[in-house]
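Residue numbers (the working numbering), protein chains in the order written: chain A, 51 to 521; chain B, 60 to 384; chain C, 75 to 792.
Any given hint could turn out to be false.
[Unchecked claim] Per the computed footprint, the stretches of chain B lying under chain A, defined by three or more beta-carbons under 8 Å from a beta-carbon of chain A, are:
1) 68-81
2) 215-222
3) 255-261
4) 314-328
[Said to hold, decoys possible] Straight-line distance between alpha carbons at most 16 Å, and here's what the computed EDC-like set of lysine to aspartate or glutamate pairs gives:
5) A:Lys404 / A:Asp331
6) C:Lys607 / A:Glu138
7) C:Lys583 / A:Glu138
8) C:Lys611 / A:Asp331
9) B:Lys231 / C:Glu513
10) C:Lys422 / B:Asp133
11) A:Lys156 / C:Glu513
12) B:Lys231 / A:Glu138
13) A:Lys156 / C:Glu423
[As the list claims (entries may be wrong)] Covered stretches of chain B, going by a simulated chain C footprint (3 or more residues, C-beta under 8 Å):
14) 191-202
15) 276-282
16) 360-373
Because the hints were derived from the structure by calculation, they are not lab data.
Even glycine gets a Cβ: it sits at the ideal position worked out from N, Cα and C.
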Amino acid sequence: MLPGKPVFLLTDILIFVLVLSIVSFFAYAMRKPHLRQPWGQVVRSRAGVISMIVLAVYVAIALLDSLHFHPVLENPAADSTEVQYSGEVISVFDQLVSGLRASTEKTYSAPFSAHLYAKETVQQADGTRVRVYPRLAWGAAHLEEPHTQKTADILGLALTGALKAALVWAVLLVLWALYLSARTARAFPVAFRTLFDGRSEVPWRTVSVTLGVVLLVLMVGAEWASKYHVLGTDKVGEDVLYQALKSIRTGVVIGTLTTLLMVPFAIVLGIMAGFFRGWIDDVIQYLYTTLNSVPGVLLIAAAVLMLNVYMSKHAEAFASLTQRADMRLLFLCLILGLTSWTGLCRLLRAETLKLRAVDFVQAATAFGVGPMQTIFRHILPNVMHIVLITLVLDFSGLVLAEAVLSYINIGVDPTMNSWGNMINSARLEMAREPIVWWSLAASLFFMFTLVLFANLFADVVRDALDPRVSR
Amino acid sequence: MIAYIVRRALYAIPILIGVNIITFLLFFVVNTPDDMARMFLGQKHVTEVQIEDWKTERGYHNPLFYNADAEGLDSFKETIFYTKSLRLFVFDFGRSDSGRDISFDISQRMWPSLAIAVPQLLIGLLVAITFALLIAFFRATYIDYWAVVICVVLMSISSLFYIIGGQFVMGKLLRVVPISGFESGIFGIKFLILPVLIGVVGGIGSSTRWYRTIFLEEMNKDYVRTVRAKGIAEQTVLFRHVLRNALIPILTGVVVILPLLFMGSLITESFFGIPGLGSYTIDAINRQDFAIVRSMVFLGAVLYIIGLLLTDISYTVVDPRVRLG
Amino acid sequence: MNDRVIPWFVAIIACLLGACSEGAWNNPYPNGEKASNVIYSSFSERPKHLDPVRSYSSNEYQFIAQIYEPPLQYHYLARPYKLIPLTASQLPQVRYLDAAGRPVPRERHEAIAFSEYIVSIQPGIRYQPHPALARDAQGNARYLHLDAEDLKGIHVLGDFTTTGSRELTAADYVYQIKRIASPYLHSPIAGVMREYIVGFDAFREQVSALYGDSPKGVWQDLRGIDFAGLSVDDRYTYRIRIHGEYPQLVYWLAMPFFAPMPWEAEKFYSQPGMEERNITLNWYPVGTGPFMLTENNPNLRMVMEKNPNFHGEQYPVYGEPQDLENGLLDDAGKALPLVHKAVYSLEKENIPYWNKFLQGYYDASGVSSDSFDQAIQFGSQGDIQLTELMQAKDIQLETSVRTSILYMGFNMQDPVVGGFSERARLLRRAISIAVDYEEYISIFANGRGIAAQGPVPPGIFGNIEGEAGINPYVYDWLDGEPKRKDLGEARQLMAEAGYVNGIDQASGKPLVLYFDTPGAGPGAKAHFSWMRKQYQKLGIQLVIRATDYNRFQEKMRKGTGQIFQWGWNADYPDPENFFFLLYGPNAKAKHGGENAANYQNLEFDHLFEQMKNIENGPVRLEIIREMTRILQRDAPWLWGHHPKAFSLFHSWYKNVKPNLMANNLLKYKRVDGELRDRKRAQWNRPNYWPLVILLLVLLVSFIPAAVGFYRREHGTLK
């Protein structure tokens, strides 16, 4: 299926484990009315559906970017008959946007520009030298006279993109309406109208409009990106849009895997402390107070220093750059998890203490049900909402934290695409005149969008799941 | 009361020992005493004998945790862990890898950190409480709705943006304040304006939203309804009753971070060239000076524990019903 | 409601209070320092060592070269570089001796066993005021016998109330050379000097035997220990005896390593309790130079002020022909130093640094790559000129090719890229062609540099210009300039080496190489990805192993790296100082020398030994040519580039001429304080209207809230 030999990075495996477990949780939850009810509330809220759609786009990119493989070498050694694979590791996403990936220029160019951002000495035919802004190798290369043609061309591309988006949108809506009409046994026109009817229970109108906007942005962006550097290029001429898109995976992995990695500890220890109490409780409380006392950033710094030393002592174990970067990413998730599991653990402990006193648990204990069984049957399902709330609440904070940590060089590997690394290298560009703003703006914007919708989503989820915030 | 404080302080000891073990492990997993000796003795022509001498001189010749050669209690006492960690408890941090005395540097550098952190905290609190109160007053109106949206938007912007943007606009375009630097005394105030302002703006979204929830929770309580039912003006209700009662959770939430103000802010300080503990830590991280990182971890842990203790005490002060048992 | 306004209000009030009433609001210096004769500069990293035997980097020399005075110095204006006496009364006299100690003439190289340098210094030179030299009423040393009680209340050196001085003697110079040899001070040049100075190792052993067991903090008095190669003739004369010939020694005598050190200072700083207070020789220098360090706060600023005891020196009265018209001789004959104070502020981030320079708060600036376009444009003939923005500010530009090289080395011990097998050599040559340094210079240095053809930079004897000087394995000579060979040729070489398209024919696997580099700062990513792209051209995968500088050095020391990038800055203007980086006995892994590539070629080593001791001339040039050819064939380095230094400075900053050898330049500089104040005031008018408008907008936005409030109140009353 993959155009090459698959590579399974640790974070890839973990992120798909996470996706699987979330899917199976929902499959399970959909069959239990009391678990299903709060999610219905999420879907019924307008902010909920908007943010879900936007987040879905981000997650889809992250997942595509998590399928890695060694591409087949185009021109292998003459005397070998078997297929040769390049040592380079790329992802399905890279393959999809291979145009962007390959379209490097020499150095900076502004968004939509046809020329480099810096003058260069060019030798003319008559031997004299002039300082000019050279044309880009790739951006707007199809235009003969960029000055006069560019605006029209950009608008034309936008129109094409918009038409494509409209087409896809229409097809999607019709399919969805067909499904709705089949399910609710209503006539198709009625079902179709509900999609634009503001009064339906699920805000279908919001869904359709958001979907339309997202499709429009994607399609127009893709159209533009096929001919221009939509967000310009960076110092070595790499497309900034490509970098910003690649950074999505880093952000999403840090935001989700960190929580995933800490959840088992938090659940086991939190429930144990709350359920068994006594000395177990004391030990666990001691453990998390101690860990909590260590300032998080410093713990991360110390741990990353440690990893650096370890990796340079065991250089042979990390053959490729991708592996090194991946290892560091995973380690960062682990250590971030270590600094943040204590909060969840404390919450779970308190909740378990409460549940323990509830009559059905008491009854179960009285009937001689073993502690493990009680925990699995009664406690665990009833604390899962806390885990989920933590997962969504922590997400945005972790994405922001990545940027700050990378900024002080204790974040992800410097060769990895991440918003923090982009900002880190962009800060020097702010001193240029004329100012190079697009790298910084792109990374901040992509990060802002993700965090904003994650925050909105988190609010909705918390309102729906947290029994204390009942409306 | 005093007995309680004493008990809590005693309880802090095992926690600090735990923190110590963590930092100790982190330190020595990477840096063996041999590495340290080589670092100190320079890199050329160092003989094994010199390294052994150096280790003996500084007490690094013992095993890390357990000394099998010694007898009884001494097998724990004659270890690096015992000898080195005891010194941390009296805040003797030793020397950094570059040879400077860490305690001295810390005592010098905490003042600039405080000069930034304290005004930032106070102004931030004042502004956030005011906003939250206003929003609470207009609860369930369009003002409330949009204020919350703006808060979420502000929360979603990276702190790096505030710093880079603030420096660019205020320092470069408007030339109102120096771009970076630090000075003690009254003259130094103009250096503080920008970092403090940026800190306040950066934190305003989340704290306003959080305080709003606290105010709203308070306003839904029975006593407020009773008071309001008596026909007392809304602003009186807000200021007299709601504000006063809501301040308890707000302030006790603040108390826990008070001691940590000493630690300074990593990013702000390094960006504005402020010689505080934050930039000290960053420098240490970048230069991989483990001795400093370890000391800062320990200091941070101590301050955090003090913060917890202060929180408990402040509960009894603001609310006489709470008894510490 | 006005609380939103409070931060602004506080800001403005504070600004008014804080001496902002006059002068610019954004002035980072106290307003008292108006129109004064002070230089404002910056440093980006806290110096590690200020002890002249240990310090060996330009950011440290920025300070200590103004404080410590070696016997010789470079003439500020004259070119080619020329040594002149500093504290010496004349250039050192050299005697050549045979094995029995009898004088022999210079020409009989084979008979020379020792050379003797006789240095005589001027009488009457005095040290800066310093507590170590303080004496009480009885004439006894005031602070050399301190105990814990005496040190109460002492935190910095300035807390010692009394200071003193004494005359500089030849013994102080000898004492310092002994310090270079002392095993406990780890001088970076000890390895070089032990090859030359007679009795170096014996002295080292004696010191070890005497002080090896003594605990730290005991003063190691080196005065009484015998050093065969050093002798003091009289109060003002001393001799250094070296093995064989080493004409480069005089250049070393112009470096702070050979500056005088009073023994009192070492004794003073080694007293118990001093190190705990960070009062060490490494932090508080004591010298005879024109300046002394009066504020030493590496977290914030370093301040140097004029040394009141300075022996006096005049501004040079001659220079190159164009110096007169450039105004560099306006101050000829005036007493140095020309400024009385220099303030160095810590500036870690690039943006604030550059902006403060533009605002006039730093007198001079290097041009970082990112502000380059703002500062400099190229004329239609490729000539360099300042942009209009810079010209409007009357900013001046000075350029020069630096006597340094930034190269990429191969570890010759490595089984893949190293060694002298034809296969490895071809691989190295292929890489040499593929890594496009012209592009590197244009991207990362904005064209400020020239691609290197061999190890010797322009401006130093042995650099050959034109067609004869090109590296024939990498360049062709086309249309009067070197042109990098085609990539196809590199691929051909790869195929010959058995790596068709980067696939190792032996194993069938792609070739993976490792690039070791310190530093992961901002900009590193762009650098790395460019580097990967270069190797990718040949199908080679480059794995970048970024670590910190310590680990990187460790790797170099152990010789476990594969490909690395490093640089070398000339210590003195002699080709020996570059070729020794590839001299076999200097191999880093084996001998701890500076030859990080661990290149060991007997033929080359032999030529090096010949070249080193002869004077510049056709014979020497021919040997150097031969050596360069061997190096180009073996390609242990990609020769990288020689950077060009562009420095910008303001119109009030006078007497700027790039001198790449001398470090003690501060004393020649002058500033026009009044002009500076005028320009600063003109450039830094605060632009506060946007803030006022913002304030108003905020106030207005509260109107609906206020109205709502009023309505609600009104409503409840109804």
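Problem set entry | Hints not upheld, ascending by number | 3, 8, 9, 10, 12, 13, 15, 16
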